[in-house]
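Asker: Quick note: the working numbering has the sequence shown finishing at residue 343, numbered continuously throughout.
These aren't lab readings, by the way, just hints derived from the structure by calculation.
As a list, the in silico EDC-like pairs of lysine to aspartate or glutamate whose alpha-carbon atoms are at most 20 Å apart:
#: 1; residue 1: Lys269; residue 2: Glu310
#: 2; residue 1: Lys254; residue 2: Glu213
#: 3; residue 1: Lys206; residue 2: Glu267
#: 4; residue 1: Lys299; residue 2: Asp335
#: 5; residue 1: Lys107; residue 2: Glu118
#: 6; residue 1: Lys269; residue 2: Asp51
#: 7; residue 1: Lys131; residue 2: Glu118
#: 8; residue 1: Lys145; residue 2: Glu111
#: 9; residue 1: Lys205; residue 2: Glu241
#: 10; residue 1: Lys312; residue 2: Glu324
#: 11; residue 1: Lys312; residue 2: Glu267
#: 12; residue 1: Lys254; residue 2: Asp84
#: 13; residue 1: Lys114; residue 2: Glu142
#: 14; residue 1: Lys312; residue 2: Asp286
#: 15; residue 1: Lys138; residue 2: Glu111
#: 16; residue 1: Lys254; residue 2: Asp215
#: 17; residue 1: Lys223; residue 2: Glu243
#: 18; residue 1: Lys145; residue 2: Glu135
#: 19; residue 1: Lys125; residue 2: Glu135
#: 20; residue 1: Lys254; residue 2: Glu63
#: 21; residue 1: Lys209; residue 2: Glu243
#: 22; residue 1: Lys41; residue 2: Asp295
#: 23; residue 1: Lys221; residue 2: Glu251
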Amino acid sequence: MTMNRIICTLLVGGVCLASVACGSKKSAEAEAVAEVVTAPKVTTQVVHLEDVVMQSTFTGNVEGFAINNITPQQPRRITRLLVDVGDRVYAGQKVAELDNSSLAQAKAQYENNKAAFERADELYKFGGESKANWEASKTAYEVSKLSYENLLENTTLKTPVSGVVTARNYDNGDMVSGLPIFVVQKINPVKVLIPVSESLYSYIKKGMKVDVELDALPDTKFKGTISRLTPSIDQATRTFEVEVTVSNPAEKIKPGMFARVTVNYGERKNVVVPDQSVVKMLGSGDRFIYVLQADGTVKYQKVELGRRMEEKYEILGGIQDGDEVVVTGQVALKDGVAVEVVE
Numbered sequence: 001m002t003m004n005r006i007i008c009t010l011l012v013g014g015v016c017l018a019s020v021a022c023g024s025k026k027s028a029e030a031e032a033v034a035e036v037v038t039a040p041k042v043t044t045q046v047v048h049l050e051d052v053v054m055q056s057t058f059t060g061n062v063e064g065f066a067i068n069n070i071t072p073q074q075p076r077r078i079t080r081l082l083v084d085v086g087d088r089v090y091a092g093q094k095v096a097e098l099d100n101s102s103l104a105q106a107k108a109q110y111e112n113n114k115a116a117f118e119r120a121d122e123l124y125k126f127g128g129e130s131k132a133n134w135e136a137s138k139t140a141y142e143v144s145k146l147s148y149e150n151l152l153e154n155t156t157l158k159t160p161v162s163g164v165v166t167a168r169n170y171d172n173g174d175m176v177s178g179l180p181i182f183v184v185q186k187i188n189p190v191k192v193l194i195p196v197s198e199s200l201y202s203y204i205k206k207g208m209k210v211d212v213e214l215d216a217l218p219d220t221k222f223k224g225t226i227s228r229l230t231p232s233i234d235q236a237t238r239t240f241e242v243e244v245t246v247s248n249p250a251e252k253i254k255p256g257m258f259a260r261v262t263v264n265y266g267e268r269k270n271v272v273v274p275d276q277s278v279v280k281m282l283g284s285g286d287r288f289i290y291v292l293q294a295d296g297t298v299k300y301q302k303v304e305l306g307r308r309m310e311e312k313y314e315i316l317g318g319i320q321d322g323d324e325v326v327v328t329g330q331v332a333l334k335d336g337v338a339v340e341v342v343e
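With the sequences and hints as input, model every part of the structure.
Answerer: Printed below as a string of structure tokens:
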């Protein structure tokens with residue numbers, strides 16, 4: 001091999017080595033740049049245990065504290081209705097008069113039997129009447145008395161409670177059958193029936209004070225008291241019915257109004273996180289949070305949410321006191337990816 005060819009070969013080899021070296025260096029630099037570019041930027045926050053007010057809000061409809069259906073014991077024709085829907089009525093007040101054609105006969109029978117028994121009773125005291133006749137006379141008198149009083153009671157109908165007439169099902173001259181003539185509801189106080197889940201039922205106690213808000217009266221908050229707890233669960237809804245009593249001296253609260261009842265159970269300590277840190281899994285109701293690890297990666301962590309408090313969430317499970325959670329930048333994240341934490 002000539003000297004010139006040797007020199008040329010060395011020169012070509014050197015150039016190739018230099019090219020390979022340059023290519024390797026550029027590739028390494030590109031990979032390093034790619035690593036810097038692909039590391040998602042996130043902001044984080046260290047979260048801690050805080051005192052959280054245990055509070056739940058339930059919805060329900062207002063009802064009268066007592067609901068009375070006013071109707072005669074037997075079908076009767078209405079002579080005159082004395083009140084109407086919306087009227088304020090008082091216990092013992094007459095509200096309707098029914099046909100009294102048979103009342104006079106019943107009264108006469110009662111008075112005759114009464115007089116006959118009084119005579120028999122006087123004679124019986126002095127031995128002038130047998131015990132059998134005395135007992136027969138007494139029975140006839142008592143039966144006719146009950147019949148007359150029952151007929152009298154069902155001829156002039158009175159309301160047994162004070163309240164508001166909320167329904168009228170007949171007009172003058174109608175024959176009463178089936179439905180009550182009037183429905184009267186006592187509205188001071190009123191009650192709200194709320195459905196409480198199994199998980200919260202154990203926290204509800206009779207006598208607890210609650211806050212009541214009404215859509216129809218948005219500027220006023222009312223105080224209520226838990227007055228009754230149903231001991232059995234509704235199989236269809238898996239909830240317990242709880243009764244709340246609300247004082248209503250001005251009678252502003254009306255039956256049928258929509259109510260929100262807020263129950264406060266006290267306080268408990270749980271981790272509290274910014275609401276931005278909580279991400280919903282697509283296609284399910286699961287919630288999760290990315291937790292920053294010591295090696296700079298993030299861990300996908302499923303969590304159980306408690307109360308929402310303005311811009312924060314109470315966490316019932318999945319996050320520990322002192323964890324550093326990702327607050328923003330979750331869009332590009334997945335479990336185990338390295339991140340860059342920025343201010």
